[in-house]
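**Q** Letter by letter, the chains look like this.
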Amino acid sequence: MTHNATLPPPGPQAGQDAAQQLTERWRDGRPGPLPRLMPAHEPADLRAHLERFGAPPYRGAPRRLIGDVEAAGLTGRGGAAFPTYRKLAAMTAGHGPAPVVVGNGAEGEPASHKDKTLLWFSPHLVLDGLQLAAEAVGSVTVGLYVHRDPRLYGWLEAAIGERATAGLDAARVELIEAPPRFLAGEKSALASKASGGTALPRFKPSRASQRGVSGRRTLVQNVETLAHLALIARHGAAWFRSAGTQDEPGSMLATLHQADGRTGVVETTLGTPIAGLLRLPARAVLVGGYHGAWLPAEQAGRLPLANAALRPLGAVVGAGVLAALPADRCGLAETARVASYLALESAGQCGPCFNGLPRMAGALEELAGPRPDPRVSADLERWSGLVDGRGACHHPDGTVRFVRSALRVFADEMDHHARGSCTGTSGRPFLPLPGQTPLDDADWR
Amino acid sequence: MTAITPSTALWYASRATGVVSLLLLSLVVMLGILVNRQGRLPGLPSFAVTGLHRSLSLLSVLFIAVHVATAVIDPFVSIGLAAVVIPFVSAYQPFWLGLGAVALDLIIALILTSLARAHLSRRVWRSVHWLAYAAWPVALVHGLGISGDLRGGGLLTLAIGCALAVGAAGLWRLAGAAGELPRAERAAAALDGIRRHARPTMRGGPGGTGQPARPAEARRATRPTPGDGGAR
Numbered sequence: 001m002t003h004n005a006t007l008p009p010p011g012p013q014a015g016q017d018a019a020q021q022l023t024e025r026w027r028d029g030r031p032g033p034l035p036r037l038m039p040a041h042e043p044a045d046l047r048a049h050l051e052r053f054g055a056p057p058y059r060g061a062p063r064r065l066i067g068d069v070e071a072a073g074l075t076g077r078g079g080a081a082f083p084t085y086r087k088l089a090a091m092t093a094g095h096g097p098a099p100v101v102v103g104n105g106a107e108g109e110p111a112s113h114k115d116k117t118l119l120w121f122s123p124h125l126v127l128d129g130l131q132l133a134a135e136a137v138g139s140v141t142v143g144l145y146v147h148r149d150p151r152l153y154g155w156l157e158a159a160i161g162e163r164a165t166a167g168l169d170a171a172r173v174e175l176i177e178a179p180p181r182f183l184a185g186e187k188s189a190l191a192s193k194a195s196g197g198t199a200l201p202r203f204k205p206s207r208a209s210q211r212g213v214s215g216r217r218t219l220v221q222n223v224e225t226l227a228h229l230a231l232i233a234r235h236g237a238a239w240f241r242s243a244g245t246q247d248e249p250g251s252m253l254a255t256l257h258q259a260d261g262r263t264g265v266v267e268t269t270l271g272t273p274i275a276g277l278l279r280l281p282a283r284a285v286l287v288g289g290y291h292g293a294w295l296p297a298e299q300a301g302r303l304p305l306a307n308a309a310l311r312p313l314g315a316v317v318g319a320g321v322l323a324a325l326p327a328d329r330c331g332l333a334e335t336a337r338v339a340s341y342l343a344l345e346s347a348g349q350c351g352p353c354f355n356g357l358p359r360m361a362g363a364l365e366e367l368a369g370p371r372p373d374p375r376v377s378a379d380l381e382r383w384s385g386l387v388d389g390r391g392a393c394h395h396p397d398g399t400v401r402f403v404r405s406a407l408r409v410f411a412d413e414m415d416h417h418a419r420g421s422c423t424g425t426s427g428r429p430f431l432p433l434p435g436q437t438p439l440d441d442a443d444w445r
Numbered sequence: 001m002t003a004i005t006p007s008t009a010l011w012y013a014s015r016a017t018g019v020v021s022l023l024l025l026s027l028v029v030m031l032g033i034l035v036n037r038q039g040r041l042p043g044l045p046s047f048a049v050t051g052l053h054r055s056l057s058l059l060s061v062l063f064i065a066v067h068v069a070t071a072v073i074d075p076f077v078s079i080g081l082a083a084v085v086i087p088f089v090s091a092y093q094p095f096w097l098g099l100g101a102v103a104l105d106l107i108i109a110l111i112l113t114s115l116a117r118a119h120l121s122r123r124v125w126r127s128v129h130w131l132a133y134a135a136w137p138v139a140l141v142h143g144l145g146i147s148g149d150l151r152g153g154g155l156l157t158l159a160i161g162c163a164l165a166v167g168a169a170g171l172w173r174l175a176g177a178a179g180e181l182p183r184a185e186r187a188a189a190a191l192d193g194i195r196r197h198a199r200p201t202m203r204g205g206p207g208g209t210g211q212p213a214r215p216a217e218a219r220r221a222t223r224p225t226p227g228d229g230g231a232r
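The listed protein sequences correspond, in order, to chains A and B.
Heads up, the first sequence is in the working numbering, so the first residue is 1 and it goes up one at a time.
Heads up, the second sequence is in the working numbering, so the first residue is 1 and it goes up one at a time.
These are computed hints drawn from the structure, not numbers from a lab.
For every residue, glycine included, the Cβ atom is placed at its ideal position computed from N, Cα and C.
If the Cβ cut is set under 7 Å, some of the chain A residues that face chain B in the computed set are:
1) 343
2) 344
3) 346
4) 348
5) 351
6) 354
7) 355
8) 358
9) 362
Next comes chain A alone, as it looks inside the complex (with noise of 0.2 Å):
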């Protein structure tokens, strides 16, 4: 089951008859295989929603439903995989007013679309999951974090309403508008937005958990990360753990890029064949996104999607990009494209990033090209040392991890280039990227 990735939903199309059925499972209300999140035919309004799920399960008090997330082992689906329950503990212990928690679906991975098409599916579960989230930290301060976009905007405002009006929520949700940068997300950025000012990743050690919006102590989860959790708080930990692994249970949506230029949003378990969610062979597989790692098809296709078996070898399941490339291009071509659009998202801010990224960018473009400075790579290796690590976010991190993976796997590529002769035959783009890059500082606002 794949839901198309593009607003509005995907209209009639072959295997019609598959997804009408699983939307009828998903419709029957009990907690069955997947999928558990969304609908498979069409976006689920608040009567479609509360036929299956009911109201929201409150459990009368702050901290009761944290036990229940420990247990099921939830981790962050925003990229980070960190343990959602230490995120909601930490909100409960310390003094001070209490905390603020803004459900974060301000995708900026070009690459990403499984928040967008989750908000659009399934609202009211992100809503109910920023509800009890909200509970079990004692707050009464909602956001929710998204993209300017008119649609799912107005979808959203419409879903908050139709739940005021229900009597649903214990806390007012508030809207909060992302910028659309690919920084905009980062949680750091997002405290500094949701404060009233700009949405810039901030040093550290202004965390965000302690010192976030207005200063408050800020709880900051994926929607999907809060779509899970309402989930367990109806079905509990042992349903949650029917799905995926041991150390990573549970299921998890994936945004896949096939090679013949196919595009949806999937759910999948965690540790499920990679090979069974693209379609092999392929030229390269990308795990993990524009932060993630090129790795070889035929490797990729013996790995599943685990972090456990994907971190050894420098790549992780992030935020769950997956893209095939396709045979006809040239990977060190596609590295580059994505290389430059990262280093124009550079904040500014930190010299190492500002202008290292734009250095290595350059330098990968002239790996793409034809008969490259022998030196140049040897220079990628050198900068990217000297990059990693030095931000006050991840993106220098995560630009050179993925700029190194590419020098590892298209290294044969490398070596028809120093030639002057490239196989890809291919020069249109494959990895998507948004139009035009934003140069101002007005538009971090």
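Assemble the complex: chain A is given as a structure, and chain B must be docked to it using the hints.
**A** This is chain B only, laid out in the frame that chain A set:
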């Protein structure tokens, strides 16, 4: 008369450490500006410039401490403990000594916030650190006013040399601030500069990046840019 005797040793020590402190503080300010402009010293990586700035500032604290302590202990003039940190309350040279107290207070604030930097927000640390630009001239004027030492001979040359060097560094800092690009344009300017020196690529054909150097060039067509300031 000018011989160092036990009774004048403290007085000489205070004046000597004062002169050394001026030299050290001048170096610290210049290194701080170099750190700010992300400059390099020959043979040193840029983080070593930061390290040198830090080490020399701690060393100058040591000299200032001896300078202040010997001046207080010395019986030749009586300087109360309060006058060390409270400006303009001293019986001896209230104005010139007061300037010294002001400089000392500012330096204490700089050192304490830097030692506690891991626990402070960057904004707090930065705004306190701006005080360095006030502390240095106040300290210099304190030295010029309170004793004749700096007003002639080799020490006058030293004082003028320090003032010229720090002044030049300050102007360089201002020029850098004026040429500084808005944050959002820095990476684009850097990429621009690199691409201008790049050799032609297979762009457009197989293996090309498929997308020309779009962003910054498109921007240049619509808006004049202040050159290469971000691509240092």
